[in-house]
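Protein chains in written order, with this note's numbering: chain A, 64 to 453; chain B, 255 to 527.
In short, the hints are calculated from the structure, not lab data. The model shown is predicted, which means the values in this text are computed figures rather than measured ones. Among the clues, some could well be false.
[What the hints assert, rightly or not] A few chain A residues that face chain B, going by a derived Cβ cut-off under 7 Å, partial list only:
no. : residue
1   : L95
2   : V122
3   : F124
4   : M162
[Unchecked claim] Output of the computed footprint for chain B on chain A, the stretches with three or more beta carbons under 8 Å from beta carbons of chain B:
no. : region
5   : 114-121
6   : 216-224
Just so it is clear, CB atoms sit at the ideal spot from N, CA and C, and this is done for glycine as well.
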Amino acid sequence: MHLTKDEEKILNGEEGETRRRMMELLVVLGDLSGAEKLIPISSAQISGASYKTISEAGVEFLEEISNDAKVTVKSTLNPVGMDLKDWKTLGISEAFATMQMRIVDAYRKMGVELTCTCTPYFVGNRPGKGQHIAWAESSAVVFANSVLEARTNKEGGPSALASAIIGKTPYSGLHLEENRLPKVGVKIEMQPSFDDYSVFGYAIGKKIDQEVPLITGVSPKEDEHKALGAAMAASGAASMYLSRKNHSACREFDTIEEIISIDREEMRETREALSTATNNVDMVALGCPHLSVREMTSVAKFLKRREPNRKYDSWFCLSRGVAEQCPRQVEILRRFGKIACDTCMVVAPLEKLSKISATDSAKAAVYLPTLCNQRVLYTTRKKLLELISK
Amino acid sequence: MRYQARGIGHGIVEGEIMLSPMPISFLGGVDPHLGKIIDEESNIRGRSFFGKILAFPHGKGSTVGSYVIYQLKKSNVAPAAILNEKADAVVATGAVLAGIPMLHDVPIDMLAEGDRAIVNADKGFLELPEIVEKPVVTVIIRRRERILLLRRSDKVGSFQGRWAGVSGSISDDESPEEAAIRELEEETALTTDAFTFSSHVPTIHARAGQNIWKVHPFLVDIEDAEISLDWEHDKYQWVTVEEIHSYRTVPRLENVINLLIKAEKASQNRVCY
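Chain A extracted, bound-state conformation (with noise of 0.2 Å):
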């Protein structure tokens, strides 16, 4: 890889240990995507952060870089393991929020903004088209690249944070233009609803690989993308899609080689097959990923004349940033269940809290069983609100 001479400073140690450890980072991370050069990035979204997934030595890790070395671009968080204000009301322990708290303040002291969403398009990062940017958590990754139309590889959290230390990323992957154009035309072939997006997001991940798909027949809300890029990069390795109403739009790709689609059965073999349990929830949960503020809206107008029931414990993830932005919505959604800000069902210690759980994401419904030991039902949204109302 070709470095500029304030790039081999950095490497030769003349900025301190830790940035020369994060530029041989990016450079081994580079040679082994047959980049040529690293490029600048304008914000990096950092994952890595809940104490569940990453333990004590990732707090050693953070604890160490932190005491010298700061982000020098716009650099936001992921969700950590509980909520930062209340984490005693989502029954966290003492000793878990000790550590929690230990890798928080690492981020803040490297400068890392504590937005703690996978969301941080929806609280100030939100990067333009054409720009390239450094991020981790797969969803994000997602939206960014085919929603944002910005550019980004999926990082992992320590090479999305040497991006954020050094602010630059290599120039391989999606970064590049002829990786970007799509390889396989996937045709829907139904009028979809909101809670269809996840359960294409998941057919389609797990059918291509770690190809760019053309989506066609759909012309999805932001939402709907987001639920859609979610469920895709938490069945498969896929980081991108691009999409179009009409299904001729195939023909203007000739890189397309293969065209598949989705019929009905298929869905109801993708939602089936995304449910490990039937009946006997303990945890409603909404948010994966994050609710935005029109999510937000819609719920609360669905339970604002409803009354709670109280058989399920259930949780609304979301941002402090959109909590913020919506508190008459947060407090009609309080008499439901827990506000969950800056965590989520899947970072939390929901191990520790419930056993079976209820969602309406496909991409919760991949990491609850492996990262919260929980048996899962996959729902719709509407029948989500109707099990905690009534």
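We have chain A; now place chain B onto it with these hints.
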């Protein structure tokens, strides 16, 4: 024996190889405080890799694995170096964060448990001081779609009782082709007028004890010539390509034969078009 490889991180380490033929998932597959493999399916399960040169094809599993490698170092139970066939971002990241010297593009199947090795991540090579590379030929004889398998006698130095092609060392003063011709005559009494060279492929390597054979493979066709064995083999058999897998052969024999036949077809196609 020295292999050129690609270095990640820095440092020169001498030690003993611990070999996992299976990929390793550091999150869940490794105890980060004890430095042991805990993956149920691993052949090195329960063993500590502290201070060893840990060799495995590549990493698998969660990206949190990078932090686990860092924690191994902090807990002072980390491997002294890491060797991979194909480095992936998770293991490479962990090695950089932890400051563990690492090499990739290393032919893992040429290594054996307990090999003494020197890892040089700065210059990008792996040295196996006790292992010697020996150039050899292996000649596959074919007669009307059937392959000649020879059973190695109990008088030869290696792979006794295993089925093989005609094979032998290449001496300093001869080319691989010359060695092939000499071995054919010694081991089967075939002379140059009895066979034609049909294809050859680039060398492959095979590990045997403290040697690494650098094998030059050849395919020859014969018509009706008589086969006469010397002391190195005690039996021969004409078999179809499909039957080879049911014979206990020397390492990679079937693989070599398939490569030779494929190379022959490719060259014929080039002639046709």
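Cross-check of the supplied hints:
| no. | hint | in the structure |
| --- | --- | --- |
| 1 | L95 | holds (6 Å) |
| 2 | V122 | violated (9 Å) |
| 3 | F124 | holds (5 Å) |
| 4 | M162 | violated (13 Å) |
| 5 | 114-121 | holds (count 6) |
| 6 | 216-224 | holds (count 4) |
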